[in-house]
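Trainee: Here's the letter readout for the chains.
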Amino acid sequence: DGGITQSPKYLFRKEGQNVTLSCEQNLNHDAMYWYRQDPGQGLRLIYYSQIVNDFQKGDIAEGYSVSREKKESFPLTVTSAQKNPTAFYLCASRAGGYNEQFFGPGTRLTVL
Amino acid sequence: QQPVQSPQAVILREGEDAVINCSSSKALYSVHWYRQKHGEAPVFLMILLKGGEQKGHEKISASFNEKKQQSSLYLTASQLSYSGTYFCGTENPGGEYGNKLVFGAGTILRVKS
Chain A
1 DGGITQSPKY LFRKEGQNVT LSCEQNLNHD AMYWYRQDPG QGLRLIYYSQ IVNDFQKGDI
61 AEGYSVSREK KESFPLTVTS AQKNPTAFYL CASRAGGYNE QFFGPGTRLT VL
Chain B
1 QQPVQSPQAV ILREGEDAVI NCSSSKALYS VHWYRQKHGE APVFLMILLK GGEQKGHEKI
61 SASFNEKKQQ SSLYLTASQL SYSGTYFCGT ENPGGEYGNK LVFGAGTILR VKS
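The listed protein sequences correspond, in order, to chains A and B. Just so we're aligned, residue 1 is where the first sequence starts under our numbering, counting upward by one. Just so we're aligned, residue 1 is where the second sequence starts under our numbering, counting upward by one.
Chain A with its partners taken away, still in its complex shape (with noise of 0.2 Å):
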């Protein structure tokens, strides 16, 4: 079956650590997304990549780092310079050209 998989679901991390989500697809999409969503909110974009090896700056990638190193890979570090990084991850995947996009499952990051 052809998807999107985030790992793990759920995360809890001390204040001050580096933590990676993981992102992988099988649809064979060109461009991938991460978004942030906090309680009773909408989606807010961190970074995207449209193809390997490239990627942009979302409207709230202070504090994240992303790479796209494989066609079917797009990891997300939360690092220590972001100040409120307890929240639900999302990763998206699409297809080239102005076509469906699909989510993963989420990430639950808590620091605590």
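Source of the hints: derived by calculation from the structure; they are not laboratory data. Predicted model only: the values in this text are computed from it and were never measured. Heads up, some of the hints might be wrong.
Stated by the list, open to error - The following label-pair restraints were derived from C-beta to C-beta distances:
hint, chain 1, residue 1, chain 2, residue 2, range
1, B, P7, A, E69, 39 to 47 Å
2, A, A81, B, E66, 25 to 33 Å
3, A, P75, B, E66, 33 to 41 Å
4, B, K68, A, E69, 41 to 49 Å
5, B, G15, A, S22, 19 to 27 Å
6, B, Y74, A, G63, 33 to 41 Å
7, A, Q41, B, R110, 16 to 24 Å
8, B, V4, A, I60, 14 to 22 Å
9, B, G15, A, A81, 47 to 55 Å
10, B, P7, A, V52, 23 to 31 Å
11, B, S113, A, V52, 46 to 54 Å
12, B, N92, A, N53, 22 to 30 Å
13, A, D54, B, G52, 44 to 52 Å
14, B, S113, A, D54, 36 to 44 Å
What the hints assert, rightly or not - In silico PhoX-like cross-links for lysine-lysine, where the CA-CA straight-line distance does not exceed 25 Å:
hint, chain 1, residue 1, chain 2, residue 2
15, A, K14, A, K70
16, B, K100, A, K70
17, A, K9, B, K37
Even glycine gets a Cβ: it sits at the ideal position worked out from N, Cα and C.
Keeping the supplied structure of chain A fixed, place chain B upon it in accordance with the hints.
Mentor: Same frame as chain A, but now just chain B:
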């Protein structure tokens, strides 16, 4: 700029209809609609493209007024399963790979029995 959704929240009884609106201040190429249930990821409902093409679930209907830069999602004969938060995502004309989606703040829909 974030699109504006209205209403912010709506409560329905089973079988009633609802309309959710999404309005943008910028020219649009496409509008995407999603439904999100509490604690879960958004689920794709429909994409409406400039020029009239639509792709999505057959039980969902929506409209896209390119001139007014608006889209509306029509939920008819609502069921309990329709409850959730509905988001529109708008896309401006862009390059070969399309462009990033900008999401509205969401409309909370609650269907009661």
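Trainee: Next, verify each hint and record whether it holds.
Mentor: Against the structure, the hints come out as follows:
{"no.": "1", "hint": "P7/B to E69/A: 39 to 47 Å", "in the structure": "44 Å, holds"}
{"no.": "2", "hint": "A81/A to E66/B: 25 to 33 Å", "in the structure": "41 Å, violated"}
{"no.": "3", "hint": "P75/A to E66/B: 33 to 41 Å", "in the structure": "37 Å, holds"}
{"no.": "4", "hint": "K68/B to E69/A: 41 to 49 Å", "in the structure": "43 Å, holds"}
{"no.": "5", "hint": "G15/B to S22/A: 19 to 27 Å", "in the structure": "43 Å, violated"}
{"no.": "6", "hint": "Y74/B to G63/A: 33 to 41 Å", "in the structure": "40 Å, holds"}
{"no.": "7", "hint": "Q41/A to R110/B: 16 to 24 Å", "in the structure": "18 Å, holds"}
{"no.": "8", "hint": "V4/B to I60/A: 14 to 22 Å", "in the structure": "20 Å, holds"}
{"no.": "9", "hint": "G15/B to A81/A: 47 to 55 Å", "in the structure": "51 Å, holds"}
{"no.": "10", "hint": "P7/B to V52/A: 23 to 31 Å", "in the structure": "42 Å, violated"}
{"no.": "11", "hint": "S113/B to V52/A: 46 to 54 Å", "in the structure": "49 Å, holds"}
{"no.": "12", "hint": "N92/B to N53/A: 22 to 30 Å", "in the structure": "25 Å, holds"}
{"no.": "13", "hint": "D54/A to G52/B: 44 to 52 Å", "in the structure": "32 Å, violated"}
{"no.": "14", "hint": "S113/B to D54/A: 36 to 44 Å", "in the structure": "50 Å, violated"}
{"no.": "15", "hint": "K14/A to K70/A", "in the structure": "29 Å, violated"}
{"no.": "16", "hint": "K100/B to K70/A", "in the structure": "20 Å, holds"}
{"no.": "17", "hint": "K9/A to K37/B", "in the structure": "16 Å, holds"}
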